[in-house]
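Asks: These are the residues of each chain, in order.
There are 2 protein chains.
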Amino acid sequence: MTKRKAPDIVVGRLPLYLRMLNQLVAEGRSTTNSQELGDRLGISAAQIRKDLSYFGGFGKYGAGYDVMYLRDQLRRILHLEQTWPVVLVGAGDLGHALANYRGFTTSGFDIAAIFDNDATKVGATIGQHEVQDVARLEKVIQEQDVKIAILAVPAHAAQTVADRLVAAGVRGILCYAPVILKVPPEVKVQYIDPVARLQHMAYYVGNGGDAA
Amino acid sequence: MTKRKAPDIVVGRLPLYLRMLNQLVAEGRSTTNSQELGDRLGISAAQIRKDLSYFGGFGKYGAGYDVMYLRDQLRRILHLEQTWPVVLVGAGDLGHALANYRGFTTSGFDIAAIFDNDATKVGATIGQHEVQDVARLEKVIQEQDVKIAILAVPAHAAQTVADRLVAAGVRGILCYAPVILKVPPEVKVQYIDPVARLQHMAYYVGNGGDAA
Numbered sequence: 001m002t003k004r005k006a007p008d009i010v011v012g013r014l015p016l017y018l019r020m021l022n023q024l025v026a027e028g029r030s031t032t033n034s035q036e037l038g039d040r041l042g043i044s045a046a047q048i049r050k051d052l053s054y055f056g057g058f059g060k061y062g063a064g065y066d067v068m069y070l071r072d073q074l075r076r077i078l079h080l081e082q083t084w085p086v087v088l089v090g091a092g093d094l095g096h097a098l099a100n101y102r103g104f105t106t107s108g109f110d111i112a113a114i115f116d117n118d119a120t121k122v123g124a125t126i127g128q129h130e131v132q133d134v135a136r137l138e139k140v141i142q143e144q145d146v147k148i149a150i151l152a153v154p155a156h157a158a159q160t161v162a163d164r165l166v167a168a169g170v171r172g173i174l175c176y177a178p179v180i181l182k183v184p185p186e187v188k189v190q191y192i193d194p195v196a197r198l199q200h201m202a203y204y205v206g207n208g209g210d211a212a
Numbered sequence: 001m002t003k004r005k006a007p008d009i010v011v012g013r014l015p016l017y018l019r020m021l022n023q024l025v026a027e028g029r030s031t032t033n034s035q036e037l038g039d040r041l042g043i044s045a046a047q048i049r050k051d052l053s054y055f056g057g058f059g060k061y062g063a064g065y066d067v068m069y070l071r072d073q074l075r076r077i078l079h080l081e082q083t084w085p086v087v088l089v090g091a092g093d094l095g096h097a098l099a100n101y102r103g104f105t106t107s108g109f110d111i112a113a114i115f116d117n118d119a120t121k122v123g124a125t126i127g128q129h130e131v132q133d134v135a136r137l138e139k140v141i142q143e144q145d146v147k148i149a150i151l152a153v154p155a156h157a158a159q160t161v162a163d164r165l166v167a168a169g170v171r172g173i174l175c176y177a178p179v180i181l182k183v184p185p186e187v188k189v190q191y192i193d194p195v196a197r198l199q200h201m202a203y204y205v206g207n208g209g210d211a212a
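So the sequence lines, in the order shown, correspond to chains B and D.
Note that this note's numbering has the first sequence beginning at 1, numbered continuously upward.
Note that this note's numbering has the second sequence beginning at 1, numbered continuously upward.
Extracted from the complex, chain B is given alone in its bound form (with noise of 0.2 Å):
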């Protein structure tokens, strides 16, 4: 079946269809529609229906949803079906917090490895992983075959961890140093960036409530 290349903005937005639908199932709801999902999104039914346009028909016109169909369809479509090892690199604060974050493992992604570069903190054990040493990084990811990496090193160090991972295989990098990173076109990078995400809201809240 040849469809439409959906635009990243879509991509991005299966994962939040992902997380509503795991909702309704623990819900035990069986059958919901774009109206129901917009509604609990903040989404409207039209962009919904749009955007899972692009990877095929899922509900019949004026029947809605199957929600364990469309939830495992959205979970094929995102590669979800297989678990990802993941490697963390950085074992502060955030990465401790990171490292026994239980959402990864329900979600698709199972930290393999954890590693850092002080030697205060290499063999120190966090949740069920003991620290490694960074200069392990590459022969751990080869040997597991890692393809998804998350950085919470500082922002001196990330360009150069990153350039580690992507010569070491590394193909998608969830980055949390505030940097931005040159990477070959084949690797995806997304930000997680809690200043950006404020000072979003602060035009708005600035603005005087003007969110809609």
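Since the hints were derived computationally from the structure, they do not count as laboratory data.
One should not assume that every hint holds.
[Claimed, not checked] Cut-off 16 Å, straight-line C-alpha distance, at most; resulting in silico cross-link-like pairs (EDC-like, lysine to aspartate or glutamate): (1) B/K121 / B/D93; (2) B/K121 / B/D133; (3) B/K182 / D/E36; (4) B/K182 / D/D66; (5) D/K182 / B/D39; (6) D/K182 / D/D163; (7) D/K182 / B/D133; (8) B/K50 / B/D93; (9) B/K147 / B/D93; (10) B/K139 / B/D163; (11) D/K121 / D/D93.
[Said to hold, decoys possible] Per the computed footprint, the stretches of chain B lying under chain D, defined by three or more beta-carbons under 8 Å from a beta-carbon of chain D, are: (12) 46-54; (13) 65-73; (14) 88-98; (15) 109-116; (16) 192-200.
Since this is a predicted model, take the numbers as computed values, not measurements.
From the three backbone atoms N, C-alpha and C, an ideal C-beta is built for every residue, glycine too.
Could you slot chain D onto chain B? The hints should help.
Replies: Positioned in the frame of chain B, the structure of chain D alone reads:
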């Protein structure tokens, strides 16, 4: 000066431009242009010019932008000439990492108080703050006229805390809990969702690096 209303997605890119301009200032640069900004950010030059056009004219045609001037204008547009006091709710691993994060202060935000409902955490010191009982939440918000909050509590507690924040006068919530909050239209919520970002990347990595 009456201008067209900027779409939310445009507003969301302004912090990215601001970060890049801060980086250029740190590099000692005095002028730039949409081509350079675009190349370094992975956004087209035309997109950057269009985004900025919602807020006025910032460059002479062909002469590019004055780095400091454009940075200062973006700070003004985003209401960052003031420092926003922020309350942080949740003093777990993530709350610790956020409380110790130095990037907020330099970006227009100041953690004014940290709250938790766990008696074993209340009274503990994180960075320069003593964790306060969440019972004091409303009092502190009103006394310090806090409009922005960071929510770092477990999913099951998030909506209840959000309701209290909104009732006390908060108009922007940065939500780390993996939920979708129900808030009145005048309240802006931004989500920090590493799982969604990882899933977004998995789409491309699983498609064999079609990351363009």
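Asks: With reference to the structure, classify each hint as holding or not holding.
Replies: Consistency of the hints with the structure:
1. B/K121 / B/D93: holds, 11 Å
2. B/K121 / B/D133: Cα-Cα ~9 Å, so holds.
3. B/K182 / D/E36: holds, 14 Å
4. B/K182 / D/D66: With Cα atoms ~24 Å apart, B/K182 and D/D66 exceed 16 Å; violated.
5. D/K182 / B/D39: With a Cα-Cα distance of about 10 Å, the restraint between D/K182 and B/D39 holds, given a limit of 16 Å.
6. D/K182 / D/D163: holds, 8 Å
7. D/K182 / B/D133: Answer violated: D/K182 to B/D133 is near 43 Å, above 16 Å.
8. B/K50 / B/D93: violated, 41 Å
9. B/K147 / B/D93: Status violated; Cα separation ~24 Å.
10. B/K139 / B/D163: holds, 15 Å
11. D/K121 / D/D93: Holds, because 11 Å separates the two Cα atoms, which is no more than 16 Å.
12. 46-54: With 0 residues close enough to chain D, the hint is violated.
13. 65-73: violated (count 0)
14. 88-98: holds (count 6)
15. 109-116: violated (count 1)
16. 192-200: With 9 residues close enough to chain D, the hint holds.
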